[in-house]
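J.: The residues making up each chain are set out below.
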Amino acid sequence: MNPIKKILGISGLLMFVVILTAVSSESFTSAYNLENLIRRTALFGILSVGVAFVIITGGIDLSIGSVVCLVGCGLPWMLAVQGWPLPLALGITAIGAMAVGLMHGLLITKLKLQPFVVTLCALLLYRGLARGLTGDQTVGFGNSFKELRMLATYKIPIVEGFGIPVPCLILLVVAVAAAIFLNRTIYGRYLLALGRNEQAARYSGINTDRMVILAYVICSVLAGLGGMLFVLDVNSAQPVDFGNFYELYAIAAAVLGGCSLRGGAGTIVGVIIGAALMQVLRNMITLSNVIPTHIEFAVIGAVILCGVIADELVKRYAAKKRAERQAAG
Amino acid sequence: MPDTPPCVLEVRGITKEFPGVRALRGVSLRVDRGEALAVIGENGAGKSTLMKILAGVQRPDAGEVLVDGRPVTLGKVADALELGIALIHQELNLADNLDAAANIFLGREFRNGPLLQRRKQHEAARKFLAAVGLDIDPGTLVSTLPIGRQQLVEIAKALSVNARVLIMDEPTSSLSARETENLFKVIRDLKQRGVSVVYISHRLGEVKELADRVTVLRDGENAGDLAREEISHDRMVRLMVGRELSQFYQHAPHAPGEVVLAVERVRTPAHPTKELSFQLRAGEIIGMAGLVGAGRTELLQTLFGVTPARGGTIRVGGHTCAPQSPREAIAAGLALVPEDRKQQGLILEMAVRHNLSLPSLERDQQRGFLNFAAEDRISGEMIGKLRVKTPHDRQLVQFLSGGNQQKIVLGKWLAMRPKVLLLDEPTRGIDVGAKSEIYGLMEQLAREGVAILFVSSDLEEVLGMSDRALVMHEGRITGELTREELSEEAIMQLATGREALAA
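Read top to bottom, the protein sequences are chains L and S.
For the record, in the first sequence the residue sitting at position 218 is 218 according to our numbering, with numbers rising by one throughout.
For the record, in the second sequence the residue sitting at position 18 is 1018 according to our numbering, with numbers rising by one throughout.
Errors might be hidden in some of the hints.
[As the list claims (entries may be wrong)] Here chain L is said to cover these stretches of chain S; the calculated rule only asks that three of the stretch's residues, wherever they fall, bring their Cβ under 8 angstroms from a Cβ of chain L:
{"id": "1", "region": "1313-1327"}
{"id": "2", "region": "1342-1350"}
{"id": "3", "region": "1360-1370"}
Simulated from the structure, these hints should not be mistaken for laboratory data.
No residue lacks a Cβ here, since even glycine has one placed at the ideal position from N, Cα and C.
My request is simple: use the sequences and hints to build the entire structure.
T.: Structural data, given as structure tokens:
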């Protein structure tokens, strides 16, 4: 289906949920809530853009939440517990995130392991590493590193009492770069091509292994960036559950936003709208007096399922129409 | 049993059409009790389709099937099995994670309620395994058996449902010489016991050895039958070929230039013990003939770096290159139009323009960014030059016809200006109009100095388009024919394993 139609569809759904929530709850439109919502959307949006690259290659990355945890616990551990200098800690974080993605990519392309298996093991591995590293203790920045934390917490004032959170700008930069990469560079074209048909892409002279590895590196680096911003935002991380299930939010947002798990399809704009939709849904449930908060997952699951079903039905309807047109003339 | 008619299975006037192709036209065939009947013919003569109809896999559009002289309808495989007709597939149909006994009785397990009666089943299986000369434990995992023994397990399975007619599609194609000999022994035993065997073979030597009678198909029709004493290599070839060459090809001989592709003692992973050598000159068109499985596609895939060579040297334009990937082959100036267009040649869910530009993106890039102007140019030029019928260049390739899809594959390589163009079955599944356009294009490219090597199972095409032809048989190049020496008989002789023709 035309990606623009898909974006319009998901935007419509987002608008609908926003209006529904705004009508049913007064606090939804409060500056505090909106700022928070935008910040959460931005943070999850960064993870979703990353996983979109992997999904476009026809793969999957289940380790995102654990990478978020490893970085989210590792950074305060290095800075606050060990007292290492900031550039060193950031350098280790960046290189570590790249190394993680590189390892996933190499295992998947060179050893031909299934992405699901590789990243499932990675999910367990990094979670365990984070817990071991910190001795399973909550780590945080306390009252130090105020300037660094402003990366996640500062708001650029727009009007009295409302500002745009910095992560929103970071997402904007990431998204624009990602969209340019995907649509304007030969590498983006290669990713879309190999996601549809890796064999034909290889027969066309594309180094498909290298492109797949690149996708996993991008995904892990953005997961690392997300993990850093998450911990800077909340100031403390519990290794046992920090970032739990975040990969599923990211994957769900990408799928809602038009990425096919079969590979080869997806737009960055769609993915970000998908991420926003997920966060508005969560927000709606939190604010609602009708829906109890503890059934949050059930509601989100049901909404995604409905979205995917609607998408499939529209696709079939379009295919039928096309067949009729062809039969007619 | 004097009252049993000798003829167990007979078909009369079988016709079968597939969209766009008439596979069989009024074909008749008869098998007697305890007889080994060989069915031979060129690729595409309709042999496999006929076997599938006999086994109930496909239903004929017209014609009758008689078993023991009584007309029957074979709608499903189960119908045929019921009547004692079993098909042994070319690719064996065993569940190789199960043991031999479980395979023999798959779907008909010995059981007591929901519980398997393993011991009983093994005992029963042993009897059928013995009948095919296999003394293995019925509990042996099929995956641990060599291919020849797996085939015998499948025959045992057929016997276990009281098959009286075994239909085998190229039963020896993947067997070693020893295994083949053993299979023939089993088939002779079965004949003694009154079981009939109908089998397709491309190996005329084996046909001579085993068959009681030969039925020859040509272009979906009966071309003739040979009785035991009439079977000879030459007679079989003559019946398989025997037709006029059409005036479809406008091939003008070229004055070939220097050698651009030199292949010396190259061994492909598919046939690692066979060495292949030949040369291809600029502006020359070489046709490569041979039967299915002769190793032609494998050779092209090796030249193109998909399955790197096990040894030997490949030189393109004087430079040695040992392509380890299509990427390296392309860099050396090679291009491949693969046999499997939809899997290897095209990205069906991408637009025409994006398919056409895919190999050129790297060359035309602007520091990593897409060069949309170059893409426009390539797409416009190729759609015009190849007369691709598409509403616009953003149409998805999957909605184009087979001929237009093939033109896209050609177009994406023409944009790369290759020195050597490798074509694997370039006109398979393409309508006549597009075919002749593709021939015209091959001609034009050769005149422009491109060296062309094409693999084709269509003998007419090889005769019509080649300056020279190479013929392969079981991984080896069995001969080279100049334009003057080219004839269908000469090709078939070499393709069926006869080394050189006595002049």
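J.: Against each hint, give a clear statement of whether it holds in the structure.
T.: The hints, checked one at a time:
no. : hint      : result
1   : 1313-1327 : holds (count 3)
2   : 1342-1350 : holds (count 8)
3   : 1360-1370 : holds (count 6)
In summary, the structure agrees with every hint in the numbered list given earlier.
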